[in-house]
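Asker: As a plain string of letters, each chain reads:
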Amino acid sequence: MTRKILGLSAMLLSSTLIVSQASAETIRWARASDALTLDPHSQNQGVTHNFAHHVYETLMDRDVEGTLTPRLATAWAIKDGAPDTWVFTLREGVTFHDGAAFTAEDVVFSLDRARSDKSNMRQLHVDVAEVTAVDDYTVEVRMTAPSPLYPNNLTNTFIMDKDWSEANNVVEVQDYAAGEDNFAVRNTNGTGPYILQSREVDVRSVLTVNENHWAETPPEVTEIIYLPISDAATRVAALLSGEVDIVQDVPVQDIERLSATDGIKIETGPENRVIYFGYKFGDEPLASSNITDSNPFNNPLVREAMELAVDRDAIQAVVMRGQSIPTGIPNPPFVDGWTEELNTYPAVDLERAQALLAEAGYPDGFSVTLDTPNNRYVNDEAISQAVVGMLGRIGINVTLASRPVAQHSPLVTSNETDFYLLGWGVPTFDSAYVFNDLVHTKEGSYGAYNGGLYSNPDLDVMIQSLGTETDLEARAATVAEIWDVVKADRVLLPIHNQVLAYAMNDRITLPVHPENQPLMTGVTFAD
Amino acid sequence: MTEPLLSVRNLTVEFPTRRGILTAVQDISFDIMPGEVLGVVGESGAGKSMTGAAIMRLIDRPGRIAQGEVILQGRRIDNLPDAEMRKIRGRKIGMIFQDPLTSLNPLYRISEQLIETIRTHLPLSETEACKKAVGLLDDVGIPDASRRIDDYPHQFSGGMRQRVVIALALCAGPDLVIADEPTTALDVSVQAQIIDVMKRLCAENGAAIMLVTHDMGVIAETADRVAVMYAGRIAEIGPVRDVIKDAQHPYSSGLMGAIPRLGANLERLTQIPGSMPRLSAIPKGCAFNPRCPHVMDKCRIDQPQAVQTAPGRRVACWLYPPQDGTTASAERQSAE
Amino acid sequence: MLAFIIRRLAQSVVVMLFVALIAFIVFRYVGDPIASMVGVDTRLEDQEIMRERLGLNDSVFVQFFRFIGNAAQGEFGISYRLQQPVTELILSRLPATIELAVVSATIALVFGVIFGVYTALRPKAWSSAGIMALSLVGVSLPTFLIGIGLIYIFAVELGWLPSFGRGEVVDLGWWRTGFLTESGLKSLILPAITLSLFQLTLIMRLVRAEMLEVLRTEYIRFAKARGLTQRAINFGHALKNTMVPVITITGLQLGSVIAFAIVTETVFQWPGVGSLFIVSVQVVDVPVMAAYLMFIALVFVLINLVVDILYYVVDPRLRVDGGAGK
Amino acid sequence: MENRTLFKDVPAEDLIVPVRVQGRLARALDSDIFYSWRTSPVTVVATLVALALILMALFAPLIAPYDPFNPASLNLMDGFTPPASTGAFTDNYFLMGADNQGRDVLSTIMYGSRVSLFVGILATLFAMTLGVSLGLIAGYNGGTIDAVIMRITDVQLSFPAILIALLIFGIARGLIPPSQQESMAVWVLILAIGLSNWAQFARTVRGATMVERQKDYVSAARIMGVHPILILLRHVLPNVLGPVLVIGTISLALAIIEEATLSFLGVGVPPTQPSLGTLIRIGQQFLFSGEWWILFFPAVTLIALALSVNLLGDWLRDALNPKLR
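Residue numbers (the working numbering), protein chains in the order written: chain A, 131 to 657; chain B, 100 to 435; chain C, 153 to 478; chain D, 106 to 430.
Be aware that a few hints might be false.
Label pairs and their calculated CB-CB ranges [claimed, not checked]: (1) C/ILE157 - A/GLN327: 41 to 49 Å; (2) C/ILE157 - B/ASP243: 29 to 37 Å; (3) A/ASP193 - D/GLN285: 47 to 55 Å; (4) C/LEU364 - B/GLU225: 49 to 57 Å; (5) D/TYR140 - B/ASN304: 46 to 54 Å; (6) B/ASN304 - D/THR144: 48 to 56 Å; (7) C/LEU337 - A/GLN327: 52 to 60 Å.
Capping the alpha-carbon separation at 20 Å, the derived lysine to aspartate or glutamate pairs in EDC-like fashion look like this [claimed, not checked]: (8) A/LYS395 - C/GLU200; (9) A/LYS572 - C/GLU309; (10) B/LYS186 - B/ASP198.
Just so you know, the hints here were simulated from the structure itself, not pulled from any lab data.
A quick note: this is a predicted structure, and the numbers were derived from the prediction, not measured.
For glycine and all other residues, C-beta sits at the position ideal for the given N, C-alpha and C.
Here chain A stands alone, though its shape is the one from the complex (with noise of 0.2 Å):
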């Protein structure tokens, strides 16, 4: 380096800019959307998430893999004699970004926040009795009844410092009905890696690296630009011409070109989110169906014809550019209970389908409504458009109702339609998540999703079993009792799993994460 130094000011200087660089790696990451908050506990929602796992942190994290692993806690076990409690052994030495030490209490504090009424994260804590701080880094949670799956919800639920929140008004989650402004919502006070700069919403943030991070090795990356660009082809054209780094979602019909660009190169995996359809059930005629005097949805021979009308090979390799798992259960195979037998599909089968469809009374077949969200899923749309086109060819009429999501989830939640498109990722890796809201009778908060009100008492009673099962065999095994239901009761048609396509500069490296929410402190460069 300094071999070259002839005192020539304008040499100084250039080759301090680059001293500078070499040491400081800043990584411009561009994806379709902002976090929408920065109060941890504010929105329950995986860009929200992805952000804040930078500047605040959890219990325990989940890796790329989707096994859970330590980070604040080191440890945590069911408390000897008590089925029902939980214990966790929190970290030493960590501190958060204005220099206060974490304790148990933080997590007390974090915990009682994130299942306060207007915390988002509530659902995932509903069954926590009490939380209390045994001493300063142990913390017992005690549960309304036993909960060995407890520690998967805690993966996006972070710990704040009390003391902080105090001092700053913030002990309550946001109330934006009231109009109140909260401070926590564009502050931080983290004990995550990053420290956040500077934040412009929807256009960019700035973090750089937290030098008094517990973690023994720092992350090569010390600065973070952070660029929402919601438009598809504006997101390629910016990393196209170096404007970005990392470009977390990529249109699957780009990946080619980009991965055949010089100094850009590709990173997928499979993403746990699994893409179905699903019918709508019961007596009552379809209103969108030209079959006034019956549910061609609620005869299974219909419904085994549909499966055998969807090509879901073609899909993959035409709609999904290859970029896709074509499945045969809603289910994705991060999740326990998935397995390779559950996962095969029947071929297509045109002529048999057309049978069936005669055999259950429809020789001509009959129409319906497909409602479809077309800015929420990969490709969600044209998904759709495919399989009305596959459906026409045994004779079902399908007319496509496309949506932005915003307009097509209540048409879900609230059973207005009778043929739709939904994808489903399962945060806790735990096929109960699936079961509880897409196969339950749709009651109490059970079914929230089951937008076809399918309905089996036998499975309904099996679901809610699991919920307090604490012998993990006994639990797997009426697991796999309800999917092989599920399966051969088509109670839905699952098309695939979705892949995660990460598109970067090619000195970067950074692995696709199953739940979409990679850390930059992943991120190795090559040199």
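We have chain A; now place chains B, C and D onto it with these hints.
Answerer: Frame of chain A, contents of chains B, C and D only:
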């Protein structure tokens, strides 16, 4: 014999259209002497306004001067470059348009329009030009001129505006003023005043006037000589008194028969039957032949040439056949 | 003059109320705000709690009057999506949009007038025919295609200009400007051109038509007959008279430049109110959408007022007539 | 002194330019129009292009190589077939390539133009009817009615059409039950575009009506007790048809582009029955991935259509020389 101020020789104005070339003005010739008032009379479309516009070179496209010469003070001006011609407009030849309501730019004060025009032509300072402008407005009879000069056109009545227009036309001291129907758009009660103002000022400045009008009465009261136009041609030209007293062209005599006189029997106010032809349908031979009470076979075949019938009088009619090669272009006349 | 302005203001209030009503009614029916505020995984009972907290279960009238009352105080509540005061959000986005709109409007006006005058003065020239034909192509190209095309050529293929955002901005305390940095200025070029093209062609054609009309008037003929220079006639007399109608249309167009920026801002990821609006529409962020509509209405009302006053200044005839308006 | 004028004063231009076409449609269709059409090569080409596109749209079911709306004829595996080649899984030949659903781009353009033109023409007719009616009413009645209508016109003109269309689309979405929304989508689109374009008509017609109203024959008819509607239809309307025709043509081009923009923003017709705008929105996703034909051909068609209609409007404006504005 003085040199004519303006000579128009064989002037022809054409408008090419897709249905052929229309001739708006055909082969006309006349002179204007310094200080003289020449009236040009005829029906609308007879080509009289077009003649004035042609002299000023203000014919709108696609119209063009197809032939002929315009000579001002011995200098040919019909082929001058635009920049040269611009210096003649306003400075040598002033022009007054028909409608005072539309002749003035509504967005500029009277003072601005006057001073701009004065300073375009005369090497005067702003204040000198302003002083001259006030004087001009006084001259044209605008009361309280020094105050009203800063008004906008819409603040004046029609008659007052025409006075402003006259001031504008005269402000650079032209030798000739082409007044194109200067009173037509005005209230009858102010017409005479405007003519008076115009005539008085021109006389004071020694400027000649070419007064274009369809109103024979105005001509009778104002002009020294008159040219009667019909369908783009000059039917007859001569001293006003002579023409009124003894019109030679059947068209002129029709016109003159219609001039009201004090005590005259109103029944004498007869109109000429029929109407002037469209330019696209001018009959062969003499253009007037379908309406002419004296029409002859020859009139339907050949176009009559202008013939000198008396000193300073010419007429184009087969009633006055040409004698030994007298042609229109060899015009001779005496100055008054 | 004062009475005239007061009357105009009264009309403006009516217009604002009308727009407020539309804004409110429309967005009360476009999708479910709750569905967009929460993740797809939020339980329904929690959604119901939020609905109650936001007052979405009150009667429509109660909600409307609450809306009007708050709007009058510049209070549009808290964005459902970003949980920040809407007024503050819009104000923080406003500089970007205004800078873009002003630059675009200036480009449109300057080149529109130049081309318009040029083609009017040389109606038969080849170059005029070319400009006119190009202007039609400009009108026939959808804005989004122009934007995408420009990005593809100048950002991706040539790499001359940035493809998104507004580059480095300098914070002046109450205004973030992109005018003071090189990257800020470079970032402005493509969006400003994209946004200005449509208005440019419009203004150009308008100026040309008006100018041709004015050039045929009697006072221009009279000005020629007085021997005024071509320059004085074209640029003094004709242009000034041409400008009267041009001012109205251009004034109104400036309002639509701000609103029209929606598409441009989306394509170029320009951090202005337009892109804020379109994102808000997608997620049904009702307070932001309502505030945006009100904002546009306010811009419209203000511009109309300014145009009326400008008329007053430019056209002396109105000063006497009392300027009752168009 | 009584009027001494002997001759009725006729503006000189009337005699010079043989026939000045003003107002009446009948006279507008006089051969002068045809002459100015014939002598403008650009206009002739524009007319031919517009005609070709309209005929193509009209007869799409007869001339399109495939029916892109018939799922049975499609094979998804043909998706992304490049232009001028045969699909990988069927023997279908794709002159302009196949899109992401395996549809023949040429056929989708033919059918898409049909949708675009249908929406554009109906929306324009709707806007025309509404605008002309309101303009006639405002111009004929004057007073408060006029003031109210013109105020609304001002408001409408100050909001970009796209914003208004988005609003109307939003309202319609809220009022129509979800199961009906798709079948109604085209009509909602027509309504939305129509309602965002009527003001120009209203303003022009109102101006012309106010002029006509002053004329003697209208006063005479009014005194004779002719019904106002009859006066408007018989006397006033024919006089404003020229400008209305010009604005109508330009509005048609605007409506086509507006439909495309709305579809691009995702609020247009469903992708299974695409318009040109929807096709562009779909194709735009493939701009960087190399399947240029999915965007290129529909975009070129849209531009050709809009441009040729605009050129026609421009020519018509000059030919009829109405006092626009």
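Asker: I'd like to know which numbered hints this structure contradicts. Please list them from smallest to largest.
Answerer: 4, 7, 8, 9, 10
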